[in-house]
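Taken in order, these protein sequences are the chains called A, B and C. Mapping the first sequence onto numbering that gives the first Met the number 0, position 442 (from 1) lands on 441, and the numbers just tick up by one. Mapping the second sequence onto numbering that gives the first Met the number 0, position 68 (from 1) lands on 67, and the numbers just tick up by one. Mapping the third sequence onto numbering that gives the first Met the number 0, position 134 (from 1) lands on 133, and the numbers just tick up by one.
Read the hints as simulated data drawn from the structure, not as lab findings. In this text the structure is predicted, and so the values were computed from the model without any measurement. Glycine residues also receive a C-beta, built at the ideal position from the N, C-alpha and C atoms. Treat each hint with caution, since some may be false.
[Claimed, not checked] Each pair of labels, with its calculated beta carbon distance range:
1) C:45 with A:688: 27 to 33 Å
2) B:58 with C:43: 28 to 34 Å
3) B:88 with A:744: 47 to 53 Å
[What the hints assert, rightly or not] EDC-like, lysine to aspartate or glutamate: derived pairs with alpha carbons at most 20 Å apart:
4) B:5 with C:161
5) C:186 with A:665
6) B:6 with C:52
7) C:188 with A:734
8) C:186 with A:734
9) C:188 with A:11
10) C:279 with A:470
11) A:22 with B:163
Read off the chains here:
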Amino acid sequence: MNDMAPTREQREAKLEGMGCKRKRVEDIRFTQGKGQYVDDVKLPGMLHGDFVRSPYAHARVKSINTEKALKVPGVLAVLTAQDLKGVNLAWMPTLAGDVQMVLADGKVLFQNQEVAFVVATDRYTADDGINAVEVEYEQLEPQIDPFTAMDPGAPVLREDLAGKTSGAHGPRKHHNHVFEWTVGDKDLTEAAFSKAEVTIKETISYHRTHPSPLETCQCLCSFDRVKGELTIYGTFQAPHVVRTVVALIAKIPEHKIHVIAPDIGGGFGNKVGVYPGYICAAVASIVTGKPVKWVEDRIENLTSTSFARDYHMTTEIAATKEGRVTGLRVHVLADHGAFDACADPSKWPAGFFNIVTGSYDFPVAHLAVDGVYTNKAPGGVAYRCSFRVTEAAYCIERAMDILAQKLGMDPAELRLKNFIRPEQFPYQSALGWEYDSGDYHTAMKQMMEKVDYAGLRKEQAAKREAFKRGETREIMGLGVSFFTEIVGAGPSKNCDILGIAMFDSCEIRLHPTGAGIARVGTKSQGQGHETTWAQIIATEIGIPADDIMVEEGNTDTAPYGLGTYGSRSTPVAGAAIAMAARKIKAKAQMIAAYKLEVHEDDLEWDIDGFRVKGLPEKTLSMKDICWVAYNAPPPGMEPGLEAVSYYDPPNMTYPFGAYLCVMEIDVDTGVYKIRRFYALDDCGTRINPMIIEGQVHGGLTEAFAIAMGQEIRYDDTGNVMTGSFMDFFIPTAVETPRWETDFTVTPSPHHPIGAKGVGESPNVGGVPCFSNAVNDAFSFLGSTHIQMPHDFWRNWQAAKALGVVGKER
Amino acid sequence: MATQAKKTQVSMTVNGEPVEGFVEPRTLLVHFIRENLSLTGTHIGCETTHCGACTIDLNGLSVKSCTIFAVQADDSEITTVEGMANADGTLSALQEGFRQMHGLQCGFCTPGMIMRGHRLLQENPNPTEEEIRFGIAGNLCRCTGYQNIVRAIQYAAAKINGVDFQEAAE
Amino acid sequence: MIPGPFTYHRPSSVSDAIKLLVDLGDEARPLAGGHSLIPMMKLRLATPEHLIDLQGVDGLKGITREDDNIVIGAMTTQHDLLASEVIASWLPVLRETALLIADPQIRYRGTIGGNVANGDPGNDMPALMMMLGASYRLEGPDGVRNEAATDFYQGAYFTSLEPGEILTAVSVPVPATGHGYAYEKLKRKIGDYATAAAAVILTMESCKVVTCAIGLTNLSETPLLAEKAAEAVIGTSLDEAALRNAAALAEEIMLPAADGRGPIEYRKSVGGIMVMRALKRAAARVG
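Chain A on its own, in the form it takes in the complex (with noise of 0.2 Å):
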C-alpha cells in the first residue's frame, strides 16, 4: 500500500492546466462520427428550402413565375420580394451599415444571387422547384473591374442609393463609390516624401478569395406558432449577435428566439455575417408553422456567402539611404461588390487596416481607403484573419521587400533596423494604434538562427549564378515576413456591432462535488475551447480541466458574448473566464479561511486549494471548499460557488511572428516547390502547445493556398469562374507543404493571464511569406512585383515577361 499524498508534480499533472498539453474533450465524439452538426438535426415535419438563383451579374428582373413550380408535388411555397416586402424583410441590414437585398427586389447585382426561395417536403423536391421557377431578366451591363467602377460613364449598380450623398461612413463621391476612410497626418507625411532620400510606390493587390470551411452555412429554423417562439440552429460564430438582429429586423421579443449554434465545420469568418438563407428560412418557418432548413451547396457558399479580401493597395514607402524608413503612404481600393457585406466592427469600414504600419517604427503614416460597388458577391470578411489585418500585412511586407531591393539591402537587415524596439512598448502608432508589447528583434534573430538564413542566402546567391550559366533552369526565392496583428476585438471604446459592444463573458458554475460546468459566449468551430477554457479554470481555481464542462452556443444558456472570430475569443473571453475563475478564488478564499480558523491574509494559494502560510499541513483543497460552499459555508455568507464575469478589454493584443519559405521555382512550367517552412509565433501566454501548433499548421495551409492559386475569379461579364472545389485551390495532403514551427513568449501586460491569441496569425503571416519567396525568387531577374496569386501559370508568366522562358535543356 502506497497512501503517500501525491507530488507536488502529480497534483499539477492532474490538472492539465495552462501550458499543458491536454488532449482535445471533442476529439471523443467527433472522431465516432457524433458530434452534431446543424444539417444532423432533424425536426418533426421539417421543410427544406433552396434558392432560385441569377445566371447574370447584372440585370433587371422582369418577371418571376412561380406556377410550375408550385405544382410540383411536395412543393408548398415560392417565396419572393414581394412577399418579403409584406413583412419588410425584402431587404436586410448589413454589419457594415449598409443594407442587402435577401431576395432580388427589381433587379440582380451578382451572379448566383438569390432571386426566389422554395420551400418544399425535403431537399430532393425543392430542388425540382427551383429547376421549375421561370425568371425573365434583362441583361444590364456589368460593372466588373473596381478600378473603372468611379468612372463618370459607369453603370449605376444600386439604384436603392439613387441621390444619396452620403452613406454610412460618410460622404460619397460617385454612384459606385460606398464610403472613404482616412487616418494619419496627411501633412505631415506629403512632408516627410519631399523629404525622402529614396521612396517606392507600387500597387499590390491582395485578390478576391474565400473562407470556404468545409461545412457551408446553414440553419434550421422553427416557429412555433403558439408561444410565438422561433428556434435558430445555425452554423454561426456569433449566436448572441444573431439573436439580436433578428430581433431588431423580425420585431420578435428577443426571449422568445433561442439561436444554438451546434458544433461547427469551421467558420474562418464565413459565419460570422446574417445572409439571405436564414432570413428565408425564419419566415418559411413562419409563414408555414413548419421547421424550415436551408443547406448551402458548395457552388452557393464560394459564389454568395461572404468573399473576402479584394483590396488594391498603393502603397508608399519613404526611406533615408541607409535604409530608415520615414513615412508611408497607402491608398486602398477595396471592392466591395454589390452590397457592402463587410463583416468588420461597425466604426471601422475597412477593419484595423490602419495596423498597415506594421512591426516598424515610422514616424509618420497616411492611409485612405476608397470602397466601391461592382457586380460581385458581398462581403469582405476577415478569412482567418483580424478584420483587414492580412491585407495590411501583406501591404507592409510586400513593401518593405521593395524597399529592401530598391536600397541593394537584405530585407531581414532593413526590418531589424526598422523594428519597434523593445523599450518603444506600450508603443503608440502613427495611425492610431497602441502596441501592448513586443520584442520583435529577438524573434527575428531566432528565426534567422534556426533556418541559417546567412547560409541560405549563400546557397541562392550560388544558385542565381548556376542559373545564369544555364546549369540549372530553377530559381531560388527566400520569403522573409514579419508581422504584428491587432486582435481581441474589442475594447468598447472603439469597437461596436451595430451598437453592440464588443465585450465577452464566462459563468462558472462548481458543484458541490467538486466538479463544474463553465458556460463562454464565444462559440468554437474547430478551436478546441471545451478543451482549453477549462485549462484556463484548472490553473486558476485547482479543479482538473476535465471536471470541468465547457458549454457554448446556446443563447438561452450562455452568458451574452459576441462569438468567435478575429481571434478575439482568448484575448476577450479568455480573459473573462479567468476573471470569473478569480471571483469565485476570492470567495474560495474566505471559507477556506473561516475552515482553517486563520485570517484570509494568513492563506496562500498552492496548485488546487489554499494552505495557511508557514504551516503547509493545514490546508484545504478546492474540491472541499466546494462542499463547504453549498452546505456549510461561513455564517452570513450566501450559499453557492458560482462567478459570471463580463469583460471589456482595456486594449487590443498584439500577437507578431517571424516566418520564413525556402521555394524553388521552376521557370519553364512555374511549378514551385516549397523546400522548407519556419514559422516562430509568438501570442503571449500559451495555453495549450498541441492547440496552438495546430492552429498554425492550418492557418499557413490557408495562408499557402491563398498565396498560391486561391482565388475567386470573374470574368469579364461577371461569371465565376472557380465555383468549384475543382478551380478554387484547396491543397491536398500532397500539394501542402511541411510546417516547422517556434516561438517565443512575450506576454501581453494587459491580459489577466498574459495571453494573446494566435489562430489567426499564421494566415496574416503566412501569405506575404509565401508571395515574398516568389517575388525573391524572380528579384534577380530584375522584377519588382508580381501580383499574387502565384499559381504555375502566372510563375510561367512572370519568367516569359523577364525572357528567361523557353530555354530547357
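Using the hints, position chains B and C against chain A.
Below, chains B and C alone, put in the same frame as chain A:
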C-alpha cells in the same frame, strides 16, 4: 417537367446490421445514409467528389458516397464512421491516433479521413509519410494542414503493428 | 446539387443492356463508375431519364492477355489496373497513368471504359490508348465492331459510338519488350485534370530511337496523337535539338482552351515541355 420516379427497395448491410429502405433511384447514397438511416457521421462538404467528407467503406473500398446512388449500393456491405469503434465501445487505434496526434480540429472532415485512413492501413499496414499523403489526397481538410493527420495514421499503424510510436504533436 | 429523376435499370447481360439502350433511345445513358456522369447529373447538366447500370453485367471486368493483346474489360477500375500484375508486367505506362488520375476513392470507382468512352478531353486514358494503338470493342444492336482509338474521338464528348452501342472492352497490343515509356502530367493539384500531359512509348537501339508514339491529353477538344513529333525523333539520340523539335511539332497540333489552368500560350508551352520530359524519361527506361 420532372416527375417523381417510383421508389424502389434497397437493402444492404451497414456497420454489420442489415438495413433496408425505399428510395427514389436518384437518391444519393450519402443522403440514404444520413437521412434514412440517421447515421449523420458521414458528412457532405463539396458535392462535387472533391472533398471526401462523405467517404465510407463500400464492399472493402473507400468511396465518396455523394457520387453513388443508393440503388447502386443495393446488396452491398457498408461501413461508416459509426462502425469504427472497437466492439467494447473504446476508440479504435486510428480514432485514438487522431486524438493523440491532434489530427482534427472542427471535426467535419474527420469521419471521411478516418474511413480513408482505415482502408489505407488495410491495404498498406506500414505506409511511409509520402504514401499516407498520397493515400489521403482525396480528402480535404481546412483546419489541420494535414501534418497531424499524417501523424495520426502513423500512430495507428504503429499501434496496430505493436510497435512504439514516439513522435508527439509539438 | 440534386440530380433530376430517372428510372434505374440493372441488366445482367450485354445484350440486355443494348436492348434497353435501343428501346429507351436518347433518354437512356449507360452508367459505369459514374464519376463523370453523376456530377453532371447533380448539376442537371445531364438529365437522362433512364440509367442503365452496367455493374451487374457479366464479363465486363477483368484484365487478360490474349495473344499479343492485353484485353481490359470496360468495367475494370483504375484501382484494378493498379493492382494487376499483367498491367505491371506488360503495360507499365497504364499503371503510371492510373496513379495520376483523380484520387484514391475515385480510382476505386472510375472505370477504364468510362474514362475512354465519354469523350472528355480531360480524361487521361484516351491519349494513352491512341498512343498504344489500342482498339475498342463496341457492341450494339447490329453486333460487334472494333474501332481504333485513333478513329474514336471526334470532338469534346463526341465519339463514334453509335446509338445503342456500349464499349465493352479495350484491347491494347503488347508493346515490345524493353520499351521505354512515360506519362508526364502537369496538374494544379491532386484531383485536377491535366493542364497539359504527354504520353510516350518508344524503343531504342544503340542509343537511337527506333519506334516512337506520343499522345497528348487535354490539349485540344480531343486527345491527340502527335505523329509528326514522334516521327521526328526516330533515328535521333534525343539530343536537345531533337527534343526541342519534337516539342515544337507537338505544339503545332495543340489547341487547348484558356481556363483556370492557364492561358492558351501557357498550356501549349508546357505541353511542349511535357513532351520533352516524357521523351527523356521514356528513353531512360529503355532496357
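Status of each hint after checking the structure:
1. Against the hinted window of 27 to 33 Å, the Cβ-Cβ separation of residue 45 of chain C and residue 688 of chain A comes to about 51 Å, which falls outside the hint.
2. For residue 58 of chain B and residue 43 of chain C, the hinted distance range of 28 to 34 Å is satisfied, since their beta carbons lie about 29 Å from each other.
3. Our hint of 47 to 53 Å for residue 88 of chain B and residue 744 of chain A is violated, since their Cβ atoms are close to 41 Å apart.
4. With a C-alpha separation of about 30 Å, the suggested pair residue 5 of chain B and residue 161 of chain C falls outside the 20 Å cut-off, and the hint is violated.
5. Between residue 186 of chain C and residue 665 of chain A, the direct Cα distance comes to roughly 14 Å. Compliance with the 20 Å bound is thereby established for this hinted pair.
6. Among the hinted pairs, residue 6 of chain B with residue 52 of chain C is consistent with the structure: their alpha-carbon atoms are about 17 Å apart, no more than 20 Å.
7. Restraint check for residue 188 of chain C and residue 734 of chain A: the C-alpha separation of about 7 Å stays at or below 20 Å, so the hint holds.
8. Simply put, residue 186 of chain C and residue 734 of chain A have alpha-carbon atoms about 11 Å apart, close enough for the 20 Å limit, and the pair holds.
9. This hinted pair does not check out: residue 188 of chain C and residue 11 of chain A have alpha carbons roughly 47 Å apart, beyond 20 Å.
10. The straight-line distance between the Cα atoms of residue 279 of chain C and residue 470 of chain A is roughly 17 Å, inside the 20 Å bound, and the hint therefore holds.
11. Proximity of residue 22 of chain A to residue 163 of chain B is assessed by CA-CA distance (about 19 Å); at most 20 Å being required, the pair is judged to hold.
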